[in-house]
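Listed here are the chains, written in short residue letters.
Number of protein chains: 2
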Amino acid sequence: MESVTIKDIARMCDVGVSTVSRAINNSPGINVATKQRILKVIEENNYVPNNSARNLKRIKSETIAVLVKGINNSFFSPMITEFEKGIQDEQYTFILQRVDQNQDEIDVALEIEKEKKLKGIVFLGGYFSHSKEKLNKLKVPFVLSTIGMQDIELHKEFASVAVDDEMESFKIVDYLCSLGHKKIAILAASEDDESIGKLRMLGYKRALKKNGIEFDKNLVFELIEGNDRYSVKSGYITTKKMLQLDVQCTAVYAITDAIAIGACRAIWESGKKVPDDYSIAGFDGLEIARYYIPSITTIRQPVEEMARETLRLLFGMINNKPNIKDNIIFSGELIVGESTKRLELD
Amino acid sequence: MESVTIKDIARMCDVGVSTVSRAINNSPGINVATKQRILKVIEENNYVPNNSARNLKRIKSETIAVLVKGINNSFFSPMITEFEKGIQDEQYTFILQRVDQNQDEIDVALEIEKEKKLKGIVFLGGYFSHSKEKLNKLKVPFVLSTIGMQDIELHKEFASVAVDDEMESFKIVDYLCSLGHKKIAILAASEDDESIGKLRMLGYKRALKKNGIEFDKNLVFELIEGNDRYSVKSGYITTKKMLQLDVQCTAVYAITDAIAIGACRAIWESGKKVPDDYSIAGFDGLEIARYYIPSITTIRQPVEEMARETLRLLFGMINNKPNIKDNIIFSGELIVGESTKRLELD
Chain A
1 MESVTIKDIA
11 RMCDVGVSTV
21 SRAINNSPGI
31 NVATKQRILK
41 VIEENNYVPN
51 NSARNLKRIK
61 SETIAVLVKG
71 INNSFFSPMI
81 TEFEKGIQDE
91 QYTFILQRVD
101 QNQDEIDVAL
111 EIEKEKKLKG
121 IVFLGGYFSH
131 SKEKLNKLKV
141 PFVLSTIGMQ
151 DIELHKEFAS
161 VAVDDEMESF
171 KIVDYLCSLG
181 HKKIAILAAS
191 EDDESIGKLR
201 MLGYKRALKK
211 NGIEFDKNLV
221 FELIEGNDRY
231 SVKSGYITTK
241 KMLQLDVQCT
251 AVYAITDAIA
261 IGACRAIWES
271 GKKVPDDYSI
281 AGFDGLEIAR
291 YYIPSITTIR
301 QPVEEMARET
311 LRLLFGMINN
321 KPNIKDNIIF
331 SGELIVGEST
341 KRLELD
Chain B
1 MESVTIKDIA
11 RMCDVGVSTV
21 SRAINNSPGI
31 NVATKQRILK
41 VIEENNYVPN
51 NSARNLKRIK
61 SETIAVLVKG
71 INNSFFSPMI
81 TEFEKGIQDE
91 QYTFILQRVD
101 QNQDEIDVAL
111 EIEKEKKLKG
121 IVFLGGYFSH
131 SKEKLNKLKV
141 PFVLSTIGMQ
151 DIELHKEFAS
161 VAVDDEMESF
171 KIVDYLCSLG
181 HKKIAILAAS
191 EDDESIGKLR
201 MLGYKRALKK
211 NGIEFDKNLV
221 FELIEGNDRY
231 SVKSGYITTK
241 KMLQLDVQCT
251 AVYAITDAIA
261 IGACRAIWES
271 GKKVPDDYSI
281 AGFDGLEIAR
291 YYIPSITTIR
301 QPVEEMARET
311 LRLLFGMINN
321 KPNIKDNIIF
331 SGELIVGEST
341 KRLELD
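Listed in order, the protein sequences are those of chains A and B.
Mapping of the first sequence onto the working numbering: residues 1 to 346, in sequence order.
Mapping of the second sequence onto the working numbering: residues 1 to 346, in sequence order.
Treat the hints loosely; a few may be bogus.
Heads up, the list lumps identical chains together, so a pair's fine if it works in one copy or across two of them.
[Unchecked claim] In silico DSS-like cross-links for lysine-lysine, where the CA-CA straight-line distance does not exceed 27 Å:
| hint | residue 1 | residue 2 |
| --- | --- | --- |
| 1 | LYS272 | LYS137 |
| 2 | LYS240 | LYS217 |
| 3 | LYS85 | LYS114 |
| 4 | LYS217 | LYS35 |
No lab work stands behind these hints: they were computed from the structure.
Produce the entire structure from the sequences given, and follow the hints as far as they go.
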């Protein structure tokens, strides 16, 4: 006779597997009568629950710290979830540390390192212009995750996971050009700002050049300053300003999906339509971009895979081979949504 | 003579304050030429930067743990940001710990407590049906933040911060009724599920009753099971199913904004319109709800204030008065968006 599984029990009780699990684990969130009914069926069928789920894993006091620049950027949410899960699976304690826009993340990391139980660090987000000497001060293994770097050669000396922001940005702007758009505004970080925003700007310029379109600085709109510059609100405010200037453009490239959503809302409020009056393209592949009306044409970064790969590199360095510094470049995926359309010539 | 401020320097250099700050702090993310220009202006004007920003705060090795049920729920993102900031301001290390839907958060907390440096705990999200005896096993101070509880009397024995989910839910459904809607579907958690979903369901039923509308279980649509049940995707899938059944309703109450957004998208894809064919109401007051097209009618929970109040209670217990267990109930705010309208009678 086949042994009874948790799915069989769930079917017999006409409840979901998670409800059976709750009954077995004596968890909250289950109605008492339902629980008794399930436990009765379990007993009658001699079902033996798998113990592993019941024994809470011992959490090590050793810790992994994730230092994140731009913590309120929703791009990082699924990555942080993945880090938290992966770090717990390896039975480390997970420390999440915000780094302010103007703070030096290496100084913050060196401070956390004084805590002797720290075994590894993930730097998440931002843009690195630190010297090799400074980075080498860190004693525990670390991985640079979705971080732009000024110095490509230096980049190779440290473990990292990212997409090629310049190339992916080129890809989506080239796509806008392929739809016939020639006047493409960009909602971008300020010129001083050397973050991924700079790399995405470089990709924008290269795509224009390839398509024989001259770069026009009147089509560059600077986002608000500060921690929230890549946010929905920032895109909304900047687009409102752009619309007041009555700029002649047929497409807008927002360097993040959040900015693109803010742009769509501002355009909608002005009585214009996306994509009929303006095609809008974003970057990142946020889940909400797919459910927005219109859904946003974007470059999807494989965030979950990138987070898992970051941890694989980190645990590899912690457990075996501290000297192997891999650089993993993921490909972004062009997702064509409803926010862009071919330019109709008059 | 007035002393020169950072704002003056920024104005003289024609850059933002944050750029000046980057130059002073020797932070990355600033163009070398800009930095030199700023430093020169600073020198010429004898500007003395405030040192506090430069001296990185010493981080204590003592920790505060935030245990969150439903970590991928975007409702918690701004709260986690606020916790992280507030905990760092008090110079504690911030530990973020995910609790699975079927895990017992007290067991997880007791495990973390073995780590001797833990000074306090925030339980975030979920629904508590633990006994007093079990909760009293915890030795460090803790606060229940945005958690529903089965036993109101028990609730009073522990520090907590929340909105009244039943009452706020009543408020928004009563608003739908006031617009003339009588057939109001609800996208709700499964009947077994005893989370805030249960409290919001109770508010829905009470509002119907007050308005002389009979509760109709054919208008109750159960969300998908699992950690993602309050997500955009869950709302989308559930609404697709509802539309296939060709249910007679004029309004839909989604028990979270994320669900409401998924519902709007599903309705839009079916060729119907919000609010012309269906009025949609959500709950939570997510930022994206305001920027969605249409913007979502919702109950805004003051999440930042709730997070700050949670920490105030916690630090109060840690530092002075471990025996004071306050229960803070915040009021939600009805935000009327574009997703609802008065029912036009034929």
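Hints, verified against the model:
no. : hint               : verdict
1   : LYS272 with LYS137 : neither (54 Å within a copy, 60 Å between copies)
2   : LYS240 with LYS217 : within (18 Å within a copy, 45 Å between copies)
3   : LYS85 with LYS114  : both (25 Å within a copy, 20 Å between copies)
4   : LYS217 with LYS35  : between (66 Å within a copy, 23 Å between copies)
Hint compliance for this structure: hint 1 alone is broken.
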